[in-house]
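Undergrad: We have chain A; now place chain B onto it with these hints.
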Amino acid sequence: MAPKDSFNIQAEALQKGKVGSAEKIFDHFSGPIYAFFMARIRHKETAQDLTQEVFLKVIRSIGQFDRKSGDFTPWIWQIARNSAIDYFRQKKPLYLENLPDEGTNISEERVQSDESAKVREIMTIVESFPPEEQELFQLHFVADISYTELARVTGRTESALRVAIHRLRKKLIPYLND
Amino acid sequence: MISLIKEQLAIRRLKKNLHVHVRPDRAFLKSARTRFITLAQQQAGVRVGAIGYFRSFKYATVAIAVVFALTSGMAVFADANNVPANHPLYGFKRLSEQVRLDLSSPVQQVELHKTFAQRRLKEISELKTEQQIEQQTSPSPEISSRTNKENDQKTNRVIVPTINPTISPNTDAESNRRTNEGDNSGTSKLQDRIDGLNKDFQDETDHVLDQDKNPQIKTEARVQFCQDILNTIKDKSESDRLPTQMVDHIKSRCGENRNSQED
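Protein chains in written order, with the working numbering: chain A, 1 to 178; chain B, 1 to 263.
Hint data in this document are derived by calculation from the structure and do not stem from the laboratory.
Wrong hints could be hidden among the right ones.
Stated by the list, open to error - Chain A stretches covered by chain B per the calculated footprint, using a threshold of three residues with CB under 8 angstroms from any CB of chain B:
| id | segment |
| --- | --- |
| 1 | 14-27 |
| 2 | 136-148 |
| 3 | 160-173 |
Beta carbons are placed, not taken as given, at the ideal position from N, Cα and C, and that holds for glycine.
Extracted from the complex, chain A is given alone in its bound form:
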């Protein structure tokens, strides 16, 4: 059984208007959520807009949050995932091969480096994986979400996730050793 989500208390405090809890929630989730959008959309400004939108939605609907219906962590991540889905519904995805380098919004300096090239290559490869694996890659490898949190977000058990991520690693390794 997954341990209790410590952010439930913060969310309830946010419902009561406590600024401290708003700071804690933002500090914990802003980085991973931005990374998740960057991994999916690969456009800096769009990722920033979507990240802001997620936190705006959090504020708007925090009154509806009820820990009896579910924990806060999957709740906020569901908002992020829905925002990404909505974005792709409204706009065609930005495929790397169809865009110039600037389109990815990764700085010139970074683009020119080998690491950046490798990252871009890996991201492109991951796009050919099944959607579940793509999401695992975005959440675990890019957004750096722990297994416990990932279990809450995806609704799968930790052991199932470990197996799935191990398989994903095995798929990625051939491309990393070049």
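TA: Same frame as chain A, but now just chain B:
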């Protein structure tokens, strides 16, 4: 084993590179954080205010519903049972009558005014009966003054040698006098009530008979109302008779209506 370590290192390097490329700008984080916190503060203020408003609105609605249910329940009960004028729910009965009048058509209003005028007459006769009983049970002024005098003498004789000088020898006599005064005030209160009901009866009849007050009522209906009311007054016993002045007033109104019908 070495290949496993190599894989681990490759994955670690990939993660590190990914994090470098997906790390948000400090300036963006700072502005987004400030915006989020400001919104949280604003939203909390609105929510607290809204919750407070909603709660107070909820309680007020419940309170109004309860008061309305109780009032209407008591009014309906008092009206249906035609409670007497000295009943605690009499006020609710009058309220219910007023509501019924407000909700009815001019034709129905004539019938209602007739019913209510007859009710007033019944209430007046009930109060008069009560007044008579009180007058019979309470001693007459001569008897009561005589009794007081006797009491005074008796108490003077008996209580004068009392040990406690603070107690007045006239205490019993005074209390008797006070009781009699109370009785008289009770009778005068009843008389005030009867006078009030007489006036209410006149108002009920005036509402129908006065053309200026209720021009929508037809003259035929007024004449019919007059006949019914005058018959009711005529049937009253000597003791229940209305003040002559009032009867004359109704008769003159009826005459006016009859004349206008003939015209």
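Undergrad: Does each hint fit the structure? Answer for all of them.
TA: Hints, one by one, checked against the model:
1. 14-27: Holds, because 10 residues of the segment 14-27 of chain A bring their Cβ atoms closer than 8 angstroms to Cβ atoms of chain B.
2. 136-148: It holds: at least three residues are needed, and the segment 136-148 of chain A offers 4 whose Cβ sits within less than 8 angstroms of chain B.
3. 160-173: holds (count 3)
Checked against the numbered hints above, the structure violates none of them.
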